[in-house]
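Peer 1: Here are the chains, one letter per residue:
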Amino acid sequence: MTQTPSFKGTHLFDRLCWAKERLEPVQSDYRVIYEDDVDECAKILVPDPNFCAAFLAGGILPPVWVYWELADDEAKPDFKRHTRGYLLHETQPIEAGTMEQCIEYLIMKDLPRHVWQTWDSGNKPKMVICHKDQLPSTREWRNAWKIKDDLTTEKIAA
Amino acid sequence: MAGKLIADQIEHSTAGSLDTSYVVNGSAKAWFNANCNATTYVNRDSFNISSILEASGGDFRESYTSNMDNTNYSVTTSYDLHNIFGGSNGGLQAEEFLTASADYRAWYGTGGASRDTDICCGQIMGDLA
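Each protein sequence line maps, in turn, to chains S and L. Heads up: the first sequence at position 58 corresponds to 58 in our numbering, and the numbers run straight through without jumps. Heads up: the second sequence at position 22 corresponds to 22 in our numbering, and the numbers run straight through without jumps.
So here's chain S without its partners, still in its complex pose:
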């Protein structure tokens, strides 16, 4: 197994170059389905294979709160460019994790915050993690895909 060097203080881009050269990409079978607009079909997040490899190896990616800080900066009306990019490069990288932890990280990084913070409020769950073989096998009527109305958190937990 490839050992990640100590990367604290190394530019994140350089860490990703290192990972691209040395780590085998990992295609995840997990999919994250969510709805954030009743008039739109369900959206599907699919992890990137190189990102999964970096997460599983550990020592490469910054903690997810770094991305929240940058997103907050960008949301300000007078935003022109990032002035706190150093957070990506100088914050201690996270340790190796499992594929399940990788999915949690990606949910908190790449999904709208209001979706994952309130996924279980309302009449039905607005976000579901599943395996790809639990989705329809063809893309017919893709733009009408919705999370089932009768899906409950009890069923999800089971």
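It should be emphasised that the hints constitute simulated quantities derived from the structure, not laboratory data. Bear in mind the structure is a predicted one, so any value in this text is a computation, not a measurement. Cβ atoms here follow ideal geometry from the backbone N, Cα and C, with glycine treated the same way. A hint or two may mislead.
[As the list claims (entries may be wrong)] With a straight-line Cα cutoff of 30 Å, these simulated BS3-like cross-link-like pairs (lysine-lysine) come out:
#1 S:Lys146 / S:Lys132
#2 S:Lys126 / S:Lys146
#3 L:Lys4 / S:Lys8
#4 L:Lys4 / S:Lys20
#5 S:Lys132 / S:Lys148
#6 S:Lys124 / S:Lys146
[Stated by the list, open to error] Which residues of chain L face chain S? A partial, calculated answer using Cβ under 7 Å:
#7 Glu54
#8 Gly57
#9 Thr65
Based on the hints, put chain L in the right spot on chain S.
Peer 2: Relative to chain S, chain L alone:
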């Protein structure tokens, strides 16, 4: 990091010298090759991408692992609709640019309707945060 070189210039024995800033500024900061006609969209390979988010048929988002510095960056796309529809009246359009992601729309036909597409590729040039 082992093997690190710090240099402002690279010199060739006969062809002259080049500032390394050309290399830093002129390299793609992210790229992807996605299958947007699979059961769910999936990146075949990529660099500096954390996920692909399928919004609907033909519409998707690629998120970056290392954010861009600002939203004034450049995206070049390529695509292949021919295997599915034939003809050439289509495109892969880069839309909303954020420092953390960009949205794309593969379309085909006179009305420009979004379509699933076998091969969607993008290269992102610009400054990193």
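Peer 1: Hints first: check each against the structure and report whether it holds.
Peer 2: Status of each hint after checking the structure:
A threshold of 30 Å between alpha carbons decides the hint, and for S:Lys146 with S:Lys132 the separation of about 15 Å falls inside it, so the pair holds. Restraint check for S:Lys126 and S:Lys146: the C-alpha separation of about 10 Å stays at or below 30 Å, so the hint holds. Pair hint L:Lys4 plus S:Lys8 holds up; C-alpha atoms about 15 Å apart against a cutoff of 30 Å. Restraint check for L:Lys4 and S:Lys20: the C-alpha separation of about 17 Å stays at or below 30 Å, so the hint holds.
Among the hinted pairs, S:Lys132 with S:Lys148 is consistent with the structure: their alpha-carbon atoms are about 16 Å apart, no more than 30 Å. Taking the CA atoms of S:Lys124 and S:Lys146, the gap is about 11 Å. The hint holds against a cut of 30 Å. Below 7 Å, beta-carbon pairs count as interface contacts, and L:Glu54 has one with chain S at about 4 Å; its hint therefore holds. Interface hint status for L:Gly57: upheld, as the beta-carbon distance to the closest one in chain S is roughly 5 Å, under 7 Å.
A distance limit of 7 Å between C-beta atoms decides the matter here; for L:Thr65 the minimum to chain S is near 6 Å, and the interface restraint holds.
In summary, the structure agrees with every hint in the numbered list given earlier.
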